[in-house]
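Chain order of the listed sequences is A and B.
Numbered per numbering that gives the first Met the number 0, the first sequence spans residues 0 to 501.
Numbered per numbering that gives the first Met the number 0, the second sequence spans residues 0 to 104.
Just to be clear, a hint being listed does not mean it is correct.
Said to hold, decoys possible - Computed spacing ranges between beta-carbons, pair by pair: (1) B:Asp3 <-> A:Glu294: 42 to 52 Å; (2) B:Phe88 <-> A:Leu16: 43 to 53 Å; (3) A:Ala365 <-> B:Asp19: 17 to 27 Å; (4) A:Arg92 <-> B:Ala4: 19 to 29 Å; (5) B:Ala4 <-> A:Glu370: 40 to 50 Å; (6) A:Phe97 <-> B:Asp19: 46 to 56 Å.
To be verified - Just a few of them, taken from the derived set where beta-carbon distance is under 8 Å, the chain B residues facing chain A: (7) Ala11; (8) Asp17; (9) Val23; (10) Leu28; (11) Leu30; (12) Gly31; (13) Val81; (14) Val93.
Note that these hints are calculated values from the structure, not bench results.
Don't be surprised by glycine CBs; every beta carbon is placed ideally from N, CA and C.
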Amino acid sequence: MSDPTDWGACRLGAELLDGTCTVASVASAFIDRIHSLDPALGAFCRLNSRIDEELVQAERRLADGDRSGLVGVPVAIKDNIATRGIVTDAGSRILAGFVPRRDATAVARLRAAGMVVIGKTNLDEFGMGSSTETSTWGPTRNPWDLSRVAGGSSGGSAVAVAARLAPVALGSDTGGSIRQPAAFCGVFGLKPTYGRISRSGLLAYASSLDQIGPLARTTRDLAALLRVMAGPDRADATAATIAPADYVAACERGVTGMRVGIPREYLHPGLDREIAQGVQRAAGVLEAGGARIEEVSLPLTEYAVPAYYVLATAEASSNLARYDGIRFGRREPAQELQSLYRRTRTAGFGAEVRRRILLGTFVLSAGYHDEYYGRAQHVRERLRSELRRVFANGITALLTPTTPTPAFRLGEHNDDPVAMYLADIFTVTANLAGLPSVAVPAGLNAAGLPLSVQLVAPAFAETTLLQASAVLERAFPSLDPPMNQPAPGPTAGGSPAPAGPR
Amino acid sequence: MALDAAEVRRIAALAQLDVDPDAVEPLRLQLGAMLDLVARLADLPPTDGASVETDADSGGIADPRSDDPREVEDAAGPDPAVEPGTGLFRVPRVLATPDVGSADE
C-alpha cells in the first residue's frame with residue numbers, strides 16, 4: 000500500500016480529493032514518522048497539539064466539495080514564523096513560552112487554503128546561523144549523515160522535508176537560510192523576491208533582507224505554496240502590489256530561449272571540485288533544454304559577505320532591542336530597570352545572537368556609523384546596480400553553486416564564526432539585491448552528500464526560476480536519504496524520546 | 000580592526016548586554032575577526048563620480064498610502080488595562096520591589 004509520507008503536497012492534495020486517503024490518515028502517517036525518526040534528527044521543536052481541530056475543518060471542506068487542491072495537506076512551519084495558539088520562540092530562551100495571538104500572514108493564507116500545520120521546526124536562534132546548531136532546543140542533524148549539520152537557519156524545515164516528516168515546510172531567508180539548508184539536505188528551497196510574500200508575523204532579524212519561502216521535494220510544490228502565499232498585505236507595507244503569476248503553470252514551460260549566466264567569480268579555483276562539476280552538469284541540462292549558457296562577471300562578489308554582515312547585524316541590533324523583558328517573553332528579576340534589561344537579554348540570548356547584536360551596535364555607533372554602515376549601504380547599492388546591468392543586458396537567470404561545500408560536520412565552525420559567515424558567499428547577494436533565488440538538488444557527491452545549484456532571477460521573475468528548476472528536476476535523480484525506509488509503527492509506550500518533539 | 004576591552008564593554012553597554020569579565024577577551028578577539036571581515040569594504044575603489052543607479056521603479060513594493068489614520072486590527076497582546084480617571088495604561092509590575100532602588104544588582 001502506498002505511504003502518504005512518500006508524496007509531495009500537490010500529490011497529497013490530489014489523493015485527498017480522490018478519496019484514496021483521509022485527512023486523518025495522512026496526518027497520522029506523518030506524525031507517526033515524526034515520533035519514529037525525529038528523536039535522532041531534531042527537526043521539530045513542537046507538534047501542533049490542536050491539530051485535530053484543523054483536521055476536522057479540512058475534512059469538512061473536502062466533504063463540502065472544496066477542490067482547491069491543498070486541503071488537508073500538512074505543512075511544517077519554521078519557529079520564527081508566528082502561528083496562532085502554538086508557541087513560537089524563534090529557538091530562543093528569551094521568547095520561551097510565547098504564544099502568538101494571530102498567524103503570520105503567510106501561515107494564515109496556507110490555513111485559508113486548507114493546509115494543516117503539523118508542527119514548528121527548529122532553527123538557528125532568531126534565524127542567525129548557517130547550521131541550526133544555535134537553537135535553545137539543540138542541533139538539527141542532517142538525514143544524509145547524522146554527524147553533519149542540516150544547514151541553517153531553516154535546518155529543521157529542510158530536514159522535515161528531506162526525511163519526509165512533512166511534505167512541505169516554510170522557512171525564512173535573510174542571507175541564505177532557506178537555500179543553504181535546502182542544499183545540504185537535498186531538497187528545493189525558494190527565496191522569493193523581497194516583498195513577494197508578506198513578512199507580517201515573521202519575527203524580524205533584518206527587515207530589509209528577510210523573506211519567507213517554501214521548501215519542498217518538487218518544483219511544483221514550491222510553486223503551489225508560493226501561489227497561495229504571494230500577494231499584497233495591508234499588514235506589511237513592504238509587501239508588493241504586483242499580482243502573483245501562475246507559478247504552477249510555469250513549471251511546464253521549459254527553458255527554450257533563456258540566456259543563463261554563470262558568474263566567473265563564483266567558480267573560482269578553490270571551489271569544491273564536485274560542486275563545480277554539479278554547476279557544469281546543470282548548465283548542460285539547461286543547454287540541452289534550449290537555453291544558452293554564457294559567462295558573466297560580477298566583480299563586486301567579494302564584498303557581498305562583508306556588506307551583508309554589517310547591514311544584517313545592524314538591523315538585528317535594532318530589531319532585537321524590543322526583547323527587553325517588559326512586554327513579552329522572559330524576564331529576569333532585578334531591582335532596577337536598566338539591570339532588568341541587561342540581565343534579561345544576557346540570559347535570554349545565545350552567544351551567536353549576542354555576537355551579532357554587538358557587531359551591529361558597533362557599526363551603528365557614533366564615530367563608526369559612516370565608516371561601516373554607510374559604506375555597506377553604498378556597496379549594497381552598487382551590488383544591486385551590478386546585477387541590474389547583467390539582467391538588463393539580456394541574461395534571463397544566473398546559475399551558481401548554492402554553497403561552497405557540502406554539509407559540514409556538527410561543531411566544525413563553533414570556534415570560528417567568521418568561517419561560517421564566509422560560507423554564505425553565494426547566497427547573500429540575492430538578499431542584498433532583493434532578488435528571487437532557488438536552490439535545486441543536483442545529485443550526490445562521492446561521499447553521498449547532496450549537491451545543489453542556485454538560480455537567481457530578476458525581481459518578481461519567480462516563474463523563470465520555476466521553469467528552470469523544473470527542467471533540472473527532470474534531469475537529476477530524485478534524492479532520498481538512506482534513512483527514508485518504510486516507516487515503522489509508533490514508538491513503544493507512546494512517549495517520544497527525549498530529543499523528540501515537545 | 001583591533002578592539003580593546005574597554006571598547007567591548009562600551010558596546011555591550013550600548014546593546015544592553017552584560018559581559019562576564021572572563022568573556023571579554025574571547026569576545027574581543029571574535030569581534031575583531033568580524034570587523035576584519037567587514038573592513039574589506041574599505042578596499043572597494045570609489046566610483047569616481049559614476050552615478051549609482053537607483054530604483055526609479057520601486058519594483059512593485061506597495062505604493063505609499065496617504066498618511067491618514069485608520070482602524071487597524073490589534074496585532075499584539077491583550078488590550079491594555081486603563082487606569083480609571085487618568086487614561087493611563089496599567090502595566091504589570093516588572094521590578095522586584097515596589098520602590099525602585101538606585102544601585103544596580
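Tested hints:
Between Asp3 of chain B and Glu294 of chain A the Cβ separation comes to about 46 Å, which falls inside the hinted range of 42 to 52 Å. Phe88 of chain B and Leu16 of chain A have their C-beta atoms about 50 Å apart, which keeps the hinted 43 to 53 Å range intact. Distance hint for Ala365 of chain A and Asp19 of chain B: a CB-CB separation of about 26 Å, consistent with the stated range 17 to 27 Å. Judged by the Cβ atoms, the range 19 to 29 Å given for Arg92 of chain A and Ala4 of chain B holds: they are separated by roughly 27 Å.
One distance hint, 40 to 50 Å for the beta-carbon pair Ala4 of chain B and Glu370 of chain A, is violated here, with the actual separation near 21 Å. Take Phe97 of chain A and Asp19 of chain B: their Cβ atoms lie about 27 Å apart, and the range 46 to 56 Å is violated. Annotation: interface hint on Ala11 of chain B holds; nearest CB of chain A at approximately 6 Å, less than 8 Å. Taken as an interface hint, Asp17 of chain B checks out: its beta carbon lies about 4 Å from the nearest beta carbon of chain A, inside 8 Å.
Nearest Cβ of chain A to the Cβ of Val23 of chain B: about 11 Å, over the 8 Å cut. The hint is violated. Violation of the interface hint for Leu28 of chain B is found here, the shortest Cβ-Cβ separation to chain A being roughly 11 Å, above the 8 Å cut-off. Hint status for Leu30 of chain B: holds, given a least beta-carbon distance of 6 Å to chain A, under 8 Å. Nearest Cβ of chain A to the Cβ of Gly31 of chain B: about 10 Å, over the 8 Å cut. The hint is violated.
Taking 8 Å as the C-beta contact cut-off toward chain A, the hint placing Val81 of chain B at the interface is violated, the least distance being around 16 Å. Among the interface hints, the one on Val93 of chain B holds; its C-beta lies about 6 Å from the nearest C-beta in chain A, closer than the 8 Å criterion.
The structure fails hints 5, 6, 9, 10, 12, 13 (numbered hints given earlier, in ascending order).
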